[in-house]
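Protein chains: 2
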Amino acid sequence: MKIICNKSDLVYGVQTVQRAVSTKNTMPILDGILIEANDNKIVFKATNLEIGIICSTNAKTIETGSIVLPSRYFGELVKKLPDIPIHIETNENYSTNITYGESSTSINGYNPEEFPVLPHISSNKLIKIPGDLFKNMVKQVVIAISRDEARPIFTGILTDIGSNGVKLIGTDTHRLAYRSNTIQTKLEMKEIIPGKTLAEVSKLIDNEEPVSISFDKNQVLFQTENISIISRIINGQFPDYNQVIPSNYSTNVRIDTKAFLQAIERASLLVRENSQDKANVIKLSISGEHLTINSNAPDVGRLHEKIPAFIEGEDIIISFNSRYLLDVLKVIDEEEIYLQLTGSLSPGIIKPVNQDNFLYLILPIRTV
Amino acid sequence: MKIICNKSDLVYGVQTVQRAVSTKNTMPILDGILIEANDNKIVFKATNLEIGIICSTNAKTIETGSIVLPSRYFGELVKKLPDIPIHIETNENYSTNITYGESSTSINGYNPEEFPVLPHISSNKLIKIPGDLFKNMVKQVVIAISRDEARPIFTGILTDIGSNGVKLIGTDTHRLAYRSNTIQTKLEMKEIIPGKTLAEVSKLIDNEEPVSISFDKNQVLFQTENISIISRIINGQFPDYNQVIPSNYSTNVRIDTKAFLQAIERASLLVRENSQDKANVIKLSISGEHLTINSNAPDVGRLHEKIPAFIEGEDIIISFNSRYLLDVLKVIDEEEIYLQLTGSLSPGIIKPVNQDNFLYLILPIRTV
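Those protein sequences? They're chains B and C, same order as listed. Per this note's numbering, the first sequence starts with residue -15, numbered consecutively. Per this note's numbering, the second sequence starts with residue -15, numbered consecutively.
Treat the hints with caution; some may be incorrect.
The list makes no distinction among identical chains, and a pair is therefore deemed to hold if it is satisfied within one copy or across any two copies.
[Claimed, not checked] No more than 30 Å apart at the CA atoms, straight line, and that leaves these computed lysine-lysine pairs for DSS-like:
1) K187 with K64
2) K267 with K(-9)
3) K314 with K(-9)
4) K44 with K242
Everything labelled a hint here was simulated from the structure, so no lab data went into it.
Start from the sequences and build out the full structure, keeping to the hints where you can.
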């Protein structure tokens, strides 16, 4: 393999695929980045066997071929290279010369034959989503998933595609986030995609570029012009979310999103100081023309926040985990939200006042 | 105590003195910030008994008095407060109400009488230095000091003031940084100031404002209009730096600072990968019209950098710890430096080509 490329293309390719390199690996080759030089194009690949990333960039290929280079050292080196043409040439024993001007570094590489083959996914079952919409949808749902790998379904996001468009649902069983969007598609399927994968895809794609999503039996493929991300799908039965979302409420509160968020942030600071309380309990009192927040950490102090609100229905006192409220208030861009409640022991609903396609369900905490 | 102040003044005062609060303290009161309300001014104080910071800001005092509030929680709370007038009022038992609009937080404070009294330093022995000059001088010298508290002298910076101005000297015995500047003063003294103190002062002062430095028997005081920083002085005998700085050299290399820095950065990446080598050894070869850098990490690869240089005197091969070179090249703003050497086993000197008042001495590594 013998190529000439510029620094920015090299950095782009390496940094893009590097996100798939696992820090803890039993197979040394997975610490590496596969570089394939085709005609006038180089392709970078990396995988941790859960997710694989492929990135194409420009280069002048003098001699086609491939090599695997250690991800961390190679990744840091390219960032520090001068901004002049960079020559990369493999020698025998997979040693690779990186030459820049009068200087050069030789890196011990690995046999590219030993690099795992990334699965091929046909693009038959395909849907296209604008980049900025995809990012916004993922951002609003990924907040509700679990990090507990022992229950894999709840680390995933149910991706429900049908004639109405795309629905994303995430839940850790304490709260649930639902986001839909009408998108023209003939595709009809329900798959659980790892939340980590969707978060990675969100970070890698541009706002301006659409992302194509294709499905295979156990795999999902995300594609933009230069980048492909392949991930496994999570097998299992996702809970029936329609069943848990209440259709009625006895109290409806309309409140300023930012004022509510900032008050919850202050309340969170205090409950965090309360070493006896792992559940971050804050109490909401809804009555008259105000929503009142109380939290208490006996050793440190207590907090009383009063926010103007437009309230319909019954007065209510209800307790929530402050972190679950924070998570959702941070991803709502609308100025006002509805908080809809049905008694102190039933789940509450938060949704933006002018955005019909997002809903967040949150279980209350039973307090004495 | 009863005051009204705005958010930005409160945040400024708290964040300024918070830098003196130790994270590991046996005395709970030292986790606190002392707030003193005088006539139309509030004064914030914090100390870890090594360094004390005092900051004055504006406030409307309704009732003079003082209180100690827990630094971490209070500090995070003020950052999250709305940008409206904030009322702070102490009650019995040192409980303190922070009221903002219709909301309020009450914090359990401490008895201000228990807060340690910060020493008073008379401003007799005083020198004034422009803020930007002070910062630049400290930045160039603090790189050379030790972090090893077992040898306190080498964690300090010798501050040598006389009719020629100010000289700062720092050394960890492997390298030494010397920086001087002519400043009009009648003061004549030599004291070892903790490097940490000088670094903190640099972070707290403005470029545009002069800083006054006054000395007492065991203390030093730094002052700007709103901020005072008091620190202990380190007792002991600082090595005679004039004796270790060589006055001759047999090789003089003039080289581009940035090109040298970037090559050393790449070399550092590689030697860091070399698990057998804790000394970060890189080899410089000086001959003809080039300075050549070689480094080698057998498991990972090897590097060969060739930089154009203007060389006078003998050819030489010499090895250094790459970190010691990096440290100094990052704090030199001049385009070119001199590297002056006297054989492979004698200390080398690095100094900017057009800046006479800075010098860095570095011991070579004996390699086989």
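Hints versus structure:
Both within a single protomer and between protomers do K187 and K64 lie at most 30 Å apart by alpha-carbon distance, with minima of 23 Å and 28 Å respectively. In this assembly of identical chains, K267 and K(-9) lie within 30 Å of each other by CA distance solely across copies; the values are 26 Å between and 55 Å within a copy. Proximity of K314 and K(-9) under a CA criterion of 30 Å is satisfied inter-copy only: 22 Å between copies versus 37 Å inside one chain copy. Proximity of K44 and K242 under a CA criterion of 30 Å is satisfied inter-copy only: 29 Å between copies versus 52 Å inside one chain copy.
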